[in-house]
Structure formats: C-alpha cells, structure tokens
Amino acid sequence: MNYNVDEKGYYGEFGGAFIPEMMYSNLKELRDNYIIILNDEDFKAEYSDLLRNYAGRPSPLFYAKRLSSFHGTNIYLKREDLNHTGAHKINNTIGQILIAKRLGKTRIIAETGAGQHGVATATVCALMGLKCIVYMGKLDVERQEPNVMRMKMLGAEVVPVLSGNMTLKDATNEAIRDWISNPVDTHYIIGSVVGPHPYPDLVTRLQSVISEEIKWQLEEQTGFSDPDFIIACVGGGSNAAGSFYHYLENEKVKLIAVEAAGKGIDSGESAATMVLGHPGVIHGSRTILMQNDDGQITEPYSISAGLDYPGIGPLHAFLHKTGRVSYEHVSDTEALEAAFRLTQFEGIIPALESAHAFAVLGKHKFRKSEVIVVNISGRGDKDMAAYMNYMKQSVRGKINDI
Numbered sequence: 001m002n003y004n005v006d007e008k009g010y011y012g013e014f015g016g017a018f019i020p021e022m023m024y025s026n027l028k029e030l031r032d033n034y035i036i037i038l039n040d041e042d043f044k045a046e047y048s049d050l051l052r053n054y055a056g057r058p059s060p061l062f063y064a065k066r067l068s069s070f071h072g073t074n075i076y077l078k079r080e081d082l083n084h085t086g087a088h089k090i091n092n093t094i095g096q097i098l099i100a101k102r103l104g105k106t107r108i109i110a111e112t113g114a115g116q117h118g119v120a121t122a123t124v125c126a127l128m129g130l131k132c133i134v135y136m137g138k139l140d141v142e143r144q145e146p147n148v149m150r151m152k153m154l155g156a157e158v159v160p161v162l163s164g165n166m167t168l169k170d171a172t173n174e175a176i177r178d179w180i181s182n183p184v185d186t187h188y189i190i191g192s193v194v195g196p197h198p199y200p201d202l203v204t205r206l207q208s209v210i211s212e213e214i215k216w217q218l219e220e221q222t223g224f225s226d227p228d229f230i231i232a233c234v235g236g237g238s239n240a241a242g243s244f245y246h247y248l249e250n251e252k253v254k255l256i257a258v259e260a261a262g263k264g265i266d267s268g269e270s271a272a273t274m275v276l277g278h279p280g281v282i283h284g285s286r287t288i289l290m291q292n293d294d295g296q297i298t299e300p301y302s303i304s305a306g307l308d309y310p311g312i313g314p315l316h317a318f319l320h321k322t323g324r325v326s327y328e329h330v331s332d333t334e335a336l337e338a339a340f341r342l343t344q345f346e347g348i349i350p351a352l353e354s355a356h357a358f359a360v361l362g363k364h365k366f367r368k369s370e371v372i373v374v375n376i377s378g379r380g381d382k383d384m385a386a387y388m389n390y391m392k393q394s395v396r397g398k399i400n401d402i
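Residue numbers (our numbering): 1 to 402.
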C-alpha cells in the first residue's frame with residue numbers, strides 16, 4: 001500500500017485543494033517549491049541545527065516503569081512535551097518559517113486551538129524577526145489564557161474569533177480569509193495535517209522526525225526498532241502522523257489514533273470524527289468531517305481545545321478507510337483519569353490532548369512481552385485550570401486511587 005500523497009494532492013479519494021481562485025497563486029507557489037526546499041542541503045542543515053540546538057531534539061524516549069507495571073506490559077513515552085514551547089508543534093513551525101523566508105515572505109499568520117501551535121509560531125517569528133498574527137477562537141482564548149499570554153509576550157498579535165462556536169474551526173476560517181486578503185507578503189503556517197494540498201504532506205514530512213527518532217531510540221534501548229503498538233491522540237492529526245510515518249508500511253506495528261468523544265458519542269457534544277463523520281470538504285481538502293444531513297458542518301466539543309475539530313486530516317481519512325490505523329475514542333472523564341494516573345505514577349503532567357492517548361491503554365489487554373510507544377504530544381501547563389476543576393469536583397479518594 002502506498003501511503004504517500006499523489007501528484008494531485010490526494011491520498012486515495014481524500015485530499016486535493018478545494019480553494020477559491022484568489023488563493024490559487026499562494027498555494028501554487030508553495031506547492032511548486034516545498035519539495036525542492038525540503039530537499040535542499042542548506043535547508044536540511046539549518047533545519048537540523050535548529051531542531052537540535054534550539055528546539056532541543058531529539059526528545060527523549062522514556063521507559064515508564066510504574067505505568068508499565070500497572071498495565072502489565074512495556075510502555076515507552078515519546079517526550080514531545082520536552083521540546084521548546086512544550087509540544088510537537090515546534091517541529092512544524094521551524095520548518096515552515098524557513099520555507100517562508102526562502103519564499104520571501106515577511107508576514108506570518110496561523111490558527112490555534114489549544115494555543116501550542118500559536119505559541120510555536122510566535123516563537124519562530126520572534127526568532128526570525130517576522131510579523132506574526134494568530135487567530136484563536138474566543139472560547140479557546142478564555143480557556144487557554146497562559147498560552148495567550150505567552151504569544152503576546154513573544155510579540156504576536158492574537159485575534160479572538162467570534163464566529164461559530166469560537167474554537168479551532170472558526171480560527172482556521174479567519175486565517176484563510178486573511179491569507180486571501182494578503183497574498184503577496186504572507187505565509188500561512190497551518191498547525192496540523194489539514195487544509196489544501198500541499199499542507200497535509202508538508203506538515204507530515206516535518207513531523208516525521210518523531211517516528212524517525214523512535215526507531216533508533218527504541219533499538220538503542222531494546223535492541224529492536226519496531227514496537228508492537230504506537231498510540232497517539234488525533235484532532236487534525238499532526239502528532240499522530242509524525243509518530244506513525246516511518247512505520248506505515250510495516251504492518252507488524254499496530255497503530256492507534258485516539259479521538260475525543262467529549263461527553264459521549266451520542267451526547268451531541270463530541271469530536272469523534274471517525275464515528276460521527278462522513279466524507280466532505282473542509283478547509284480546502286476532501287476528508288471525513290462531522291456534518292448534518294444537509295452537509296453543514298456540525299460543531300464539535302471536547303474538554304481539550306486541541307481536539308475539538310470537526311474534521312481530520314486527509315491522510316488519516318485514508319488510513320482509516322484502508323484499515324492501516326485503528327481510530328478509537330475516549331471521553332473527557334476517561335482522559336482526565338488517565339492524566340492523573342500518568343502524573344501520579346511517573347511525575348509527568350500531560351496536555352489534555354495527550355491524556356486521550358493514555359486513556360486507551362485501559363481499554364486494551366496487552367501482553368507482558370509487548371512494547372507500546374505512547375506519544376506525549378504536549379505538556380499540561382496550559383490545562384491546569386481544567387485539572388484543578390476536576391480535582392475540586394472529585395472526591396480525594398477517587399483521585400488518589402486511580
């Protein structure tokens with residue numbers, strides 16, 4: 001099975017570039033140049049240097065001894081939370097800012113939900129001295145205040161979006177409108193493997209450093225480069241795409257992507273696209289998305305600001321259809337419980353997004369000999385308000401006995 005994008009930007013029936021005419025020149029410029037730039041030796045040297053000496057890569061692969069004992073298996077944690085800015089997002093923003101400079105762009109725009117991509121974009125703009133505008137839904141601005149403050153401190157202009165349900169989808173809409181209005185000097189750093197071609201492929205390639213490192217780190221620690229399972233959370237899907245990339249053609253490695261079920265699949269407040277969605281077009285690509293009978297996009301919900309997106313990247317839609325990746329879902333409560341378990345067993349507070357990946361561990365019976373790699377896509381600083389609220393609402397014994 002070929003899991004690469006084709007020359008028209010499709011993964012099977014998913015992908016493409018469904019865009020207004022005014023976006024065509026922007027996208028064509030990027031499409032015509034991104035592979036050339038990614039393969040340029042000077043680019044590769046600069047990108048590698050910044051990943052190592054600025055972002056702090058390679059991120060550690062940590063054997064979680066107590067969590068492994070609890071689940072009766074061998075669990076390794078890919079520590080993307082230890083990257084500069086606290087998430088995997090920096091891998092993509094460093095690469096895209098270097099591309100933008102080579103294309104002569106002087107103004108950068110981005111969308112963000114949980115704020116991690118916004119912080120990573122503001123960070124590289126400060127590093128390179130470029131103007132930065134970040135669009136963020138008003139609801140996310142309120143529930144991710146620490147990241148909003150970080151973006152502003154870094155010199156970015158944070159624009160609250162008041163349309164729709166004021167979350168990630170709506171922020172993306174506004175960023176696209178901005179790009180249409182500023183086609184000459186502006187580059188749009190999309191934060192996930194979504195959007196029109198070539199963005200899904202571009203972001204996947206930049207995030208593939210995650211699985212590239214897992215292979216040699218696991219071999220270094222265990223003598224084998226291939227785990228039995230890799231687990232990652234998925235909203236748009238960039239950390240999962242990066243975690244899976246170098247294992248896609250190895251059918252022996254089972255891949256699990258975890259969506260946010262919110263308050264329950266049948267509650268009307270969920271973001272489990274693979275269960276609730278159908279093929280359609282969102283933000284310039286054909287993929288699977290949540291929509292009503294008239295084809296109108298329905299509003300997603302998750303306690304995690306980075307997972308409440310009504311669609312999924314076209315690569316993931318293809319991986320779902322082919323059966324290469326198993327897409328599962330967990331509720332807000334299950335994610336919160338998993339976060340506290342990881343914290344109290346290993347001393348690591350994960351982002352709420354990442355907590356969804358850990359919640360799946362309790363839904364499977366793993367063999368004692370198996371090796372499972374779970375990607376911690378981000379750290380939990382930004383989610384302390386949600387964690388504190390959960391502690392207030394829960395009896396002490398429930399938290400201490402998880």
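Treat the hints as calculated values from the structure; they're not laboratory data. Each residue gets a CB set at the ideal place from its N, CA and C atoms; glycine is no exception. Any given hint might turn out to be false.
[Said to hold, decoys possible] Derived lysine to aspartate or glutamate pairs resembling EDC-like cross-links, with alpha carbons at most 16 Å apart:
id	residue 1	residue 2
1	Lys252	Asp293
2	Lys365	Asp228
3	Lys101	Glu213
4	Lys363	Glu334
[What the hints assert, rightly or not] Simulated restraints, written as ranges between beta carbons of each label pair:
id	residue 1	residue 2	range
5	Gln221	Lys392	33 to 41 Å
6	His278	Pro20	22 to 30 Å
7	Pro146	Asn2	39 to 47 Å
8	Asn39	Ser181	45 to 53 Å
9	Arg52	Ser181	33 to 41 Å
10	Phe18	Pro160	26 to 34 Å
11	Ile36	Leu127	43 to 51 Å
12	Pro183	Ile36	18 to 26 Å
13	Ser69	Thr106	17 to 25 Å
To see whether the hints hold, each was checked on the structure:
1. Lys252 <-> Asp293: With Cα atoms ~39 Å apart, Lys252 and Asp293 exceed 16 Å; violated.
2. Lys365 <-> Asp228: holds (13 Å)
3. Lys101 <-> Glu213: Violated, at about 27 Å.
4. Lys363 <-> Glu334: Given pair Lys363, Glu334 holds - Cα atoms ~10 Å apart, limit 16 Å.
5. Gln221 <-> Lys392: 33 to 41 Å: With Cβ atoms ~39 Å apart, the hint holds.
6. His278 <-> Pro20: 22 to 30 Å: holds (23 Å)
7. Pro146 <-> Asn2: 39 to 47 Å: Roughly 42 Å apart at Cβ, these two residues keep to the hinted range, so it holds.
8. Asn39 <-> Ser181: 45 to 53 Å: violated (32 Å)
9. Arg52 <-> Ser181: 33 to 41 Å: Distance hint for Arg52, Ser181 holds at roughly 37 Å.
10. Phe18 <-> Pro160: 26 to 34 Å: holds (27 Å)
11. Ile36 <-> Leu127: 43 to 51 Å: Given about 23 Å between the Cβ atoms, the range is violated.
12. Pro183 <-> Ile36: 18 to 26 Å: Since the Cβ atoms of Pro183 and Ile36 sit about 21 Å apart, the hinted range of 18 to 26 Å holds.
13. Ser69 <-> Thr106: 17 to 25 Å: violated (53 Å)
When the structure is compared with the earlier hints, violations turn up for hints 1, 3, 8, 11, 13 and for no others.
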